[in-house]
Amino acid sequence: MIESFIGLEIHIQLLTKTKVFCNCKNEFTHVPNSHVCPVCMGYPGVLPVLNEEAVRKAYIVCRAMNCHLNEKAVFDRKNYFYPDMPKNYQISQFNSPFGVKGLIEMDGMPKVRIHDAHLEEDAGKLVHEGMTSYCDYNRAGTPLLEIVTEPDFKKPEEAELFMQNFRKMVRYLGVCDGNMEEGSMRCDVNVSVNFEGKGLGRKVEVKNLNSFRHVKLALQYEIQRQSRMITAGESVVQETRLWNDEKKRTEGMRSKENANDYRYFPEPDLPPYCPTKEFLAQIDAAQVELPWVRKKRFIDEYGLNEDGAEFLTEEKDKADFFENAVKGGISVANAASWMRGEVAKDLNKAKKSLCDSFLTVEKFVTVIKLLEAEKINAQAAKKVMDIIINEDADPMQVIEKNNLMQTADSGEVEAMVEKLLAENTKVVAQIKGGDQKPIGFLIGQLMKVSGGKADPKKARELILNKISQLG
Amino acid sequence: MQKDELYITASLARLELTEKEADTLSQAVSQMIEYFSMMEKIDVTGLEPTTHVSIGENRVRKDEVIESSLAERMIEAAPERDERFITVPHIL
Numbered sequence: 001m002i003e004s005f006i007g008l009e010i011h012i013q014l015l016t017k018t019k020v021f022c023n024c025k026n027e028f029t030h031v032p033n034s035h036v037c038p039v040c041m042g043y044p045g046v047l048p049v050l051n052e053e054a055v056r057k058a059y060i061v062c063r064a065m066n067c068h069l070n071e072k073a074v075f076d077r078k079n080y081f082y083p084d085m086p087k088n089y090q091i092s093q094f095n096s097p098f099g100v101k102g103l104i105e106m107d108g109m110p111k112v113r114i115h116d117a118h119l120e121e122d123a124g125k126l127v128h129e130g131m132t133s134y135c136d137y138n139r140a141g142t143p144l145l146e147i148v149t150e151p152d153f154k155k156p157e158e159a160e161l162f163m164q165n166f167r168k169m170v171r172y173l174g175v176c177d178g179n180m181e182e183g184s185m186r187c188d189v190n191v192s193v194n195f196e197g198k199g200l201g202r203k204v205e206v207k208n209l210n211s212f213r214h215v216k217l218a219l220q221y222e223i224q225r226q227s228r229m230i231t232a233g234e235s236v237v238q239e240t241r242l243w244n245d246e247k248k249r250t251e252g253m254r255s256k257e258n259a260n261d262y263r264y265f266p267e268p269d270l271p272p273y274c275p276t277k278e279f280l281a282q283i284d285a286a287q288v289e290l291p292w293v294r295k296k297r298f299i300d301e302y303g304l305n306e307d308g309a310e311f312l313t314e315e316k317d318k319a320d321f322f323e324n325a326v327k328g329g330i331s332v333a334n335a336a337s338w339m340r341g342e343v344a345k346d347l348n349k350a351k352k353s354l355c356d357s358f359l360t361v362e363k364f365v366t367v368i369k370l371l372e373a374e375k376i377n378a379q380a381a382k383k384v385m386d387i388i389i390n391e392d393a394d395p396m397q398v399i400e401k402n403n404l405m406q407t408a409d410s411g412e413v414e415a416m417v418e419k420l421l422a423e424n425t426k427v428v429a430q431i432k433g434g435d436q437k438p439i440g441f442l443i444g445q446l447m448k449v450s451g452g453k454a455d456p457k458k459a460r461e462l463i464l465n466k467i468s469q470l471g
Numbered sequence: 001m002q003k004d005e006l007y008i009t010a011s012l013a014r015l016e017l018t019e020k021e022a023d024t025l026s027q028a029v030s031q032m033i034e035y036f037s038m039m040e041k042i043d044v045t046g047l048e049p050t051t052h053v054s055i056g057e058n059r060v061r062k063d064e065v066i067e068s069s070l071a072e073r074m075i076e077a078a079p080e081r082d083e084r085f086i087t088v089p090h091i092l
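Heads up: the protein sequence lines correspond to chains X and G, in order.
Mapped onto my numbering, the consecutive letters of the first sequence carry residue numbers 1 to 471.
Mapped onto my numbering, the consecutive letters of the second sequence carry residue numbers 1 to 92.
No wet-lab data here; the hints were simulated from the structure.
Take the hints with a grain of salt, since some may be wrong.
Unchecked claim - Pairs of lysine-lysine, DSSO-like flavour, derived with a Cα cap of 30 Å: (1) K363(X) / K318(X); (2) K72(X) / K62(G); (3) K155(X) / K168(X); (4) K401(X) / K327(X); (5) K72(X) / K41(G); (6) K458(X) / K382(X); (7) K62(G) / K277(X); (8) K247(X) / K203(X); (9) K401(X) / K419(X); (10) K78(X) / K207(X); (11) K125(X) / K78(X); (12) K375(X) / K327(X); (13) K382(X) / K327(X); (14) K17(X) / K432(X); (15) K327(X) / K168(X); (16) K78(X) / K41(G); (17) K62(G) / K168(X); (18) K78(X) / K62(G); (19) K216(X) / K101(X); (20) K318(X) / K349(X); (21) K383(X) / K458(X); (22) K62(G) / K87(X); (23) K457(X) / K382(X); (24) K168(X) / K216(X); (25) K62(G) / K25(X); (26) K72(X) / K25(X); (27) K316(X) / K327(X); (28) K111(X) / K87(X); (29) K125(X) / K62(G); (30) K87(X) / K3(G); (31) K17(X) / K62(G); (32) K466(X) / K375(X); (33) K248(X) / K207(X); (34) K62(G) / K316(X); (35) K78(X) / K3(G); (36) K277(X) / K316(X); (37) K198(X) / K168(X); (38) K419(X) / K382(X).
When you get a sec, could you build the whole thing from the sequences and use the hints?
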């Protein structure tokens, strides 16, 4: 039997207004080389100064991963020559990063140990075309947090699931938008295989993975490739490979000898960072219930099924919305089914997310309460929901304006039914003869003439009563 | 220092050395390394490594944008460019 060992290196771009060591804007723009200054371009005589917001967000992540926080974090220079970094070194943290020895526990997954989380500056972006590389330094010096896990995953699916949950986590914490296609969250994997019981094999690093699917596919491919090699008695070469998504395979990367000698040394321009008690109290206060913990609680506490809990905890604002709606006094079943059904459908149609639509918890609760009290029917509720999602409108006014209140005057509806039966004698005869099918037709007609005000649940009963009264 | 080691170090620092320079440098670097080995012999048990001399308050700044006027001048000063991109030969 062959065992595999997978570790992840996740990079997240922190959501700050400025770069990590200078006041340049941290913003994606199509105008190349517009957010640059002497500090991030490494001009002589400049002094980098640490961005406090980048520090805060980095610690929030470290804390959420239960890391030990070093009393004194030190920045180091990682020296390398490549045109994506005009300084010829990257400021990173090597010997004493912000967080070390963390642990993440999720259901259905082995415990994942975090080796460390360190803050560094991102490199510029190079576009290669033919024999030329085009350099854009807008991204150079933007804050990047790298999280390194221990090789605790055994299967590609576990790594994929972990990444999905990790993405939700950084979005819950509000530190990163988690967009893998745009590169604000990136992932490299380390993978090795060995005969069972022999421990870690010789590891291969795979880069260029910009979706969860690529992570899984690349790992599956590598595990197969390496397993075949060791089974045939060959030895795996320790190297860095790239995922080729067109050919669905990993490929060896040309690299120079000695290229990995980064000659780290403490960054003389930046003093060490020592988190104070007050600062750490702020970091604790910024913690939130993590998505996988919340999902489990939704299942236990609200009796939701797996799919429902998954949907409702996808985003923090969605989960908050659900819980506030339930607190507002509507049933769990209605809150969940309306959020998953009609609201999701309308939002999708309007291409909006919950937080940038006009829908508020209060409005949602108002509509569902009227529905639960049978003041409006489901059809009317759907109509109101659609309007209050797309317009800044008051649900009560929408109901009045569209005359959607279910008529309390049963005499009015009875009169409508009588009229309907008189107009449809053939159908009535059919029903009397024992054929129940045309009742649906009559209910539909009733809803139409009543303008949706009749209660379809009661309509059936009413129609049958009236028919039997006809004798 | 052996000359082949010196050449590796030089290539990491992107320095091209002539034979003569390599001769002089390998002697000079050897002296430096000797000096370090002298220091290495000093007993430092119980001493914390000093990475920086000024250890006081944390030095951080507010997350506020200050635009720099460097961009246009930098692009203009680039030896090779294509519109706003700085261009270099494709390596690796």
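Going down the list of hints, with the structure as the test:
1. K363(X) / K318(X): 15 Å, holds
2. K72(X) / K62(G): 21 Å, holds
3. K155(X) / K168(X): Roughly 21 Å separates the two Cα atoms, so the pair holds.
4. K401(X) / K327(X): 29 Å, holds
5. K72(X) / K41(G): It holds: about 27 Å lies between the C-alpha atoms, which stays within 30 Å.
6. K458(X) / K382(X): Answer holds: K458(X) to K382(X) is near 19 Å, not above 30 Å.
7. K62(G) / K277(X): Holds, at roughly 20 Å.
8. K247(X) / K203(X): This hinted pair holds, its Cα atoms lying about 22 Å apart.
9. K401(X) / K419(X): Roughly 26 Å between the alpha carbons, so the hint for K401(X) and K419(X) holds.
10. K78(X) / K207(X): 19 Å, holds
11. K125(X) / K78(X): 18 Å, holds
12. K375(X) / K327(X): At roughly 21 Å apart (the allowed maximum being 30 Å), K327(X) and K375(X) satisfy the hint.
13. K382(X) / K327(X): Given pair K382(X), K327(X) holds - Cα atoms ~22 Å apart, limit 30 Å.
14. K17(X) / K432(X): 73 Å, violated
15. K327(X) / K168(X): 24 Å, holds
16. K78(X) / K41(G): With Cα atoms ~27 Å apart, K78(X) and K41(G) stay inside 30 Å; holds.
17. K62(G) / K168(X): Satisfied, since the Cα-Cα distance of roughly 27 Å is no more than 30 Å.
18. K78(X) / K62(G): 25 Å, holds
19. K216(X) / K101(X): OK: K216(X) and K101(X) at ~25 Å, within 30 Å.
20. K318(X) / K349(X): 17 Å, holds
21. K383(X) / K458(X): 20 Å, holds
22. K62(G) / K87(X): 24 Å, holds
23. K457(X) / K382(X): Distance ~16 Å between K457(X) and K382(X) Cα, so the pair holds.
24. K168(X) / K216(X): 18 Å, holds
25. K62(G) / K25(X): At roughly 13 Å apart (the allowed maximum being 30 Å), K25(X) and K62(G) satisfy the hint.
26. K72(X) / K25(X): Satisfied, since the Cα-Cα distance of roughly 28 Å is no more than 30 Å.
27. K316(X) / K327(X): 16 Å, holds
28. K111(X) / K87(X): 39 Å, violated
29. K125(X) / K62(G): 26 Å, holds
30. K87(X) / K3(G): 28 Å, holds
31. K17(X) / K62(G): 10 Å, holds
32. K466(X) / K375(X): 23 Å, holds
33. K248(X) / K207(X): 13 Å, holds
34. K62(G) / K316(X): 27 Å, holds
35. K78(X) / K3(G): 25 Å, holds
36. K277(X) / K316(X): Satisfied, since the Cα-Cα distance of roughly 28 Å is no more than 30 Å.
37. K198(X) / K168(X): It is violated: about 35 Å lies between the C-alpha atoms, which goes past 30 Å.
38. K419(X) / K382(X): 28 Å, holds
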